[in-house]
Amino acid sequence: MISNNFPLVSIAMASYNGERFIAEQLESILHQTYPNIEIIIVDDCSKDGTIAIIQQYQTSHENIKLIQNNINSGVTKTFEKAISEASGDFIAISDQDDIWELKKIEILMNEIGTFDAVYSNSLLVDAYGNSLNKSFTTIMNMKTYYSGAPFLLSNSVPGHTILMKKNFVEKILPFPKDMLFDLWIGFCAAANNGIKFVDETLVKYRQHESNTIGTRDSKNKKQKDKVQIQFEKKLVELQTLATAPIKDEKTKIILHEMIALFHRRWSFKRMLFFFKHYNEILVSKKKPTYRKKLFCIKMFFKPNF
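In terms of my numbering, the sequence shown has 19 at position 19, counting the first letter as 1, and numbering is strictly consecutive.
Source of the hints: derived by calculation from the structure; they are not laboratory data. All values reported here derive from a predicted model rather than from experimental measurement. Ideal Cβ positions, reconstructed from N, Cα and C, are used throughout, including at glycine. You may find that some hints are simply not true.
[Unchecked claim] In silico BS3-like links for lysine-lysine, alpha-carbon gap of 27 Å or less: (1) 286 / 302; (2) 81 / 65; (3) 276 / 252; (4) 287 / 298; (5) 292 / 302; (6) 276 / 143; (7) 226 / 166; (8) 77 / 134; (9) 77 / 171.
[Claimed, not checked] So the derived label-pair ranges between C-beta atoms look like this: (10) 60 / 279: 47 to 55 Å; (11) 242 / 33: 37 to 45 Å; (12) 290 / 87: 44 to 52 Å; (13) 75 / 55: 15 to 23 Å; (14) 110 / 293: 34 to 42 Å; (15) 58 / 252: 27 to 35 Å; (16) 126 / 272: 41 to 49 Å; (17) 275 / 126: 40 to 48 Å; (18) 33 / 301: 46 to 54 Å; (19) 74 / 264: 55 to 63 Å; (20) 287 / 31: 37 to 45 Å; (21) 256 / 55: 45 to 53 Å; (22) 8 / 276: 19 to 27 Å.
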């Protein structure tokens, strides 16, 4: 029997056509130094050998639970199902193709304290697990957040590093369909009891043909002719964030003012709003101060989408 000093941690994983990498990730999870874990895998109708690999691991590991979707549901709903099936008081999110450092769960459990969630740095590696000499802290400023304001422009916390409390995540389910689920988690945690950054590299984040940092941005740049679609999507995202449970009053004020200023007309008031709050809103952006101020000036001409 596991000591009460080690509460159960549920690892929530979504799988889809992951036969190439999932075994290596399962090995890194099963060999965690933290002694009390379960692995909940929801497969989203894989067409390769993913199921067979998971079932082979189940023959020797009773703490692996596999659930198979009847229809392809997408990554957000699949992760939502995995999280909903968790038995532990703490839940960690896992991609199918990463590699965890063996002390990941132990370190994050020691750090979570009174926060709703905790997250860490990641090293980018290639398809073979070789370092690309770049980490997430070279891409964005990673900080402990007590405000949801940094999440109003874009996601500031990579979901694959998150460990969160079950009693927190139960308050924010189901995940909205209008945004990335890790943006929703990060915003809700930051706007309530905070999300803590642990400055250690605890995940090797694999880059391959179907999982590359920057892919989403490059696709968006190709859709400049679809400005109205982007505008409407961002407005819905902000309106959805406004439905979240928010304890931090400043987050509420900034969010509601941003929604009120989110229109296609030129707006001196909107520009002043961003100058007033850029230290909160742009804190995760790895840009010099002058570029942040240029961004604020641009907000005279267009809203933030």
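Hint-by-hint comparison with the structure:
1. 286 / 302: At roughly 22 Å apart (the allowed maximum being 27 Å), residue 302 and residue 286 satisfy the hint.
2. 81 / 65: 12 Å, holds
3. 276 / 252: Cα-Cα ~15 Å, so holds.
4. 287 / 298: 15 Å, holds
5. 292 / 302: 15 Å, holds
6. 276 / 143: 20 Å, holds
7. 226 / 166: 39 Å, violated
8. 77 / 134: 30 Å, violated
9. 77 / 171: 16 Å, holds
10. 60 / 279: 47 to 55 Å: 52 Å, holds
11. 242 / 33: 37 to 45 Å: 41 Å, holds
12. 290 / 87: 44 to 52 Å: 50 Å, holds
13. 75 / 55: 15 to 23 Å: Given about 22 Å between the Cβ atoms, the range holds.
14. 110 / 293: 34 to 42 Å: Holds, since residue 110 and residue 293 (Cβ atoms, about 39 Å apart) stay within the stated range.
15. 58 / 252: 27 to 35 Å: Hint violated: Cβ distance 45 Å, outside 27 to 35 Å.
16. 126 / 272: 41 to 49 Å: Since residue 126 and residue 272 have Cβ atoms about 45 Å apart, the given range 41 to 49 Å holds.
17. 275 / 126: 40 to 48 Å: 41 Å, holds
18. 33 / 301: 46 to 54 Å: 52 Å, holds
19. 74 / 264: 55 to 63 Å: 30 Å, violated
20. 287 / 31: 37 to 45 Å: 39 Å Cβ-Cβ, so the 37 to 45 Å window holds.
21. 256 / 55: 45 to 53 Å: 49 Å, holds
22. 8 / 276: 19 to 27 Å: About 45 Å separates the Cβ atoms of residue 8 and residue 276, which means 19 to 27 Å is violated.
Hint violations for this structure: numbers 7, 8, 15, 19, 22, all remaining hints satisfied.
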